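Using the sequences and the hints, build the whole thing.
So the chains spell out like this:
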Amino acid sequence: MKHYNYFPGCSAESTGLGLGLSVEAIAGPLDIELIELEDWNCCGSTPYGSLEGEESIVVAARDLALAEKSGFDLVTPCSSCYVTLAGANRHLQEHPKLRSQVNEALAVAGLEYKGSIRVRHLVDVLFNDVTPEFIAGKVKNRLDGLKVAPYYGCQLVRPRYGLDDTEFPHTLDGLVKCLGAETVDFPMKARCCGGSLTICEEKNVLELTRKILQSAVDNGAQCLVTPCPLCQTNLDAYQGRINSRFKTGYDIPVLFITQLIGLALRIEARALGMNTNIVSPGEVLDYIQNHVKA
Amino acid sequence: MKVGMTTFLDEVKATPGGEHILACIQCGTCTGSCPMAAQMEYPPRKIIAMIRAGKRNEVLSSNSMWFCLSCYMCTARCPRGVRPTEIAHALESLANQQGFRIGGTSTPNFYRSFVSSIRSNGRVHEFGMMVKYYLSILPELISHPVATLRMAPLGLKLFSHKRLPLKATRIQGRQDLSRIIQKFREIRSSR
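Chains A and B, in that order, give the protein sequences.
Count along the first sequence from 1, add 421, and you get the number used in my numbering.
Count along the second sequence from 1, add 1267, and you get the number used in my numbering.
One should not assume that every hint holds.
What the hints assert, rightly or not - DSS-like, lysine-lysine: derived pairs with alpha carbons at most 27 angstroms apart: (1) 490/A with 535/A; (2) 1424/B with 632/A; (3) 1434/B with 1399/B; (4) 1424/B with 668/A; (5) 598/A with 561/A; (6) 561/A with 423/A; (7) 423/A with 535/A; (8) 1450/B with 490/A; (9) 518/A with 1280/B; (10) 518/A with 1450/B; (11) 624/A with 1399/B; (12) 624/A with 1424/B; (13) 1424/B with 1399/B; (14) 535/A with 1450/B; (15) 598/A with 423/A; (16) 1313/B with 624/A; (17) 535/A with 1280/B; (18) 490/A with 423/A.
Unchecked claim - Here are the computed distance ranges between Cβ atoms for each label pair: (19) 518/A with 1398/B: 33 to 43 angstroms; (20) 1365/B with 424/A: 38 to 48 angstroms; (21) 516/A with 1402/B: 36 to 46 angstroms; (22) 1292/B with 710/A: 55 to 65 angstroms; (23) 1398/B with 533/A: 36 to 46 angstroms; (24) 528/A with 1277/B: 22 to 32 angstroms.
Just so you know, the hints here were simulated from the structure itself, not pulled from any lab data.
It should be emphasised that the depicted structure is a prediction, and the values quoted were computed from it without experimental measurement.
C-beta: ideal position from N, C-alpha, C; glycine also.
Set out below in structure tokens:
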């Protein structure tokens, strides 16, 4: 069994509850131990880095220093936590002067940043450590015939941490296919959904979210899957607002990739937080019920 | 801020993310890749040119960087490694620190509510953060009552699906976090 420092991120307890629940539910059956980082703080995300660039790095550095105590890779399922923590890790390694100032500040809490661990996205761990082949061997409900649009969003693949291609990524496709499901052509798979600006600039970004849903529907998808809690909230919770703004009739479920994996592992829907999805995933659940060979 | 002693370009270069600005060759790949370029007062290529021309006030009072979605498409495609996304963050930091008033976008209010939630809890409490944000734009909400009321179903849906807990999670080490931040500020201002 492989061990990791686990960083759920703030949204895994609220808007991304389905992500937090499903990650915890699939870890055991996939033979990985995710040890929650003790007393982790918010990574700072885009807002902190935007308002106070340097200070945001010391905020992220507390988490990195906490994780270094055990030496395991720091793994997060949230794309925003990933880009923030990996970015801070890189910045501190590239800027020795800032790093010594950060360490002087961390010392007041008895902590030190050494730069000894990697920050990784859960999709990276599932694809490269657990591997699609291993997951396929654990599948109890093969999702044959289910048409899925794998939505990567932005911060899983960009700026460029080497996990996947920045414009035509494939890792999430591999995780969907190993469950027996089909991936549809999906040209919008790595285009931006509007990010957190749906909150403060909704009128200017909702069209971006709509285009992603339209692309999935045009290509015959029965559902979208994504790892990112913010993308999931935009595509799922905002579907109603998109429909009223653009006079459309989207009604397509948006699952976390970890929820889809959990369904294929025959984990109970409730344990995967399927009841927290706003567009009902009922059709996907029915499809699995009716088409899956026991 | 010692305006006049250092040039605007120097300030940007000294802010995390602004280091690579001189590598820009003005090819425009960033603007062509930006999903928000049409909404910005000055799109990415132009704003880089303006920084290098020293147009501090025009740049820092514009809405451009506040419309950045941090999608990093420009950064992934830039043939010179300029990282325009990080330049946008650097400009937001400078505009915030120098007290520039930005018209026509409430992104700074949202970001401030977000950061304030982290500073008091150690984590973001999404419900509390949203309340603080809406209070900060109250006059605008009141002047558009119908649009404001139409937001309610979204909040209720999130709440009824257990996705907007009312109670905040606070970390044990929030005093530690405050002391670390305080110490870091002292170190930065003394050098």
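**Item:** Restraint check for residue 518/A with residue 1450/B, where alpha carbons must lie at most 27 angstroms apart
**Value:** holds (16 angstroms)
**Request:** Sort out whether residue 1399/B lies within 27 angstroms of residue 1434/B, counting only the CA atoms.
**Result:** holds (15 angstroms)
**Asked** Are residue 490/A and residue 423/A close enough, with their CA atoms no more than 27 angstroms apart?
**Response** holds (17 angstroms)
**Message:** For a C-alpha distance cap of 27 angstroms, please report whether residue 490/A and residue 535/A respect it.
**Reply:** It holds: about 10 angstroms lies between the C-alpha atoms, which stays within 27 angstroms.
**Prompt:** Taken at face value, is the distance from the CA of residue 423/A to the CA of residue 561/A at most 27 angstroms?
**Reply:** Within the cut-off at roughly 22 angstroms; holds.
**Request:** Quickly compare the C-alpha distance for residue 518/A and residue 1280/B to 27 angstroms and report which way the hint goes.
**Result:** holds (15 angstroms)
**Request:** Return holds or violated for the Cβ distance of residue 1365/B and residue 424/A against the range 38 to 48 angstroms.
**Result:** Holds: the Cβ-Cβ distance is about 46 angstroms, inside 38 to 48 angstroms.
**Asked** Taking 27 angstroms as the top limit, are the C-alpha atoms of residue 1424/B and residue 668/A close enough?
**Response** holds (20 angstroms)
**Request:** Starting from residue 423/A, check that the Cα of residue 535/A is at most 27 angstroms away, please.
**Result:** holds (23 angstroms)
**Request:** Assess, step by step, whether the Cα of residue 624/A is no farther than 27 angstroms from the Cα of residue 1424/B, and give holds or violated.
**Result:** holds (20 angstroms)
**Asked** Taking 27 angstroms as the top limit, are the C-alpha atoms of residue 535/A and residue 1450/B close enough?
**Response** holds (19 angstroms)
**Item:** Satisfaction of the hinted span 55 to 65 angstroms by the C-beta atoms belonging to residue 1292/B and residue 710/A
**Value:** For residue 1292/B and residue 710/A the Cβ distance comes to about 57 angstroms; the hint holds.
Going through the hint list in order, the structure satisfies each hint without exception.
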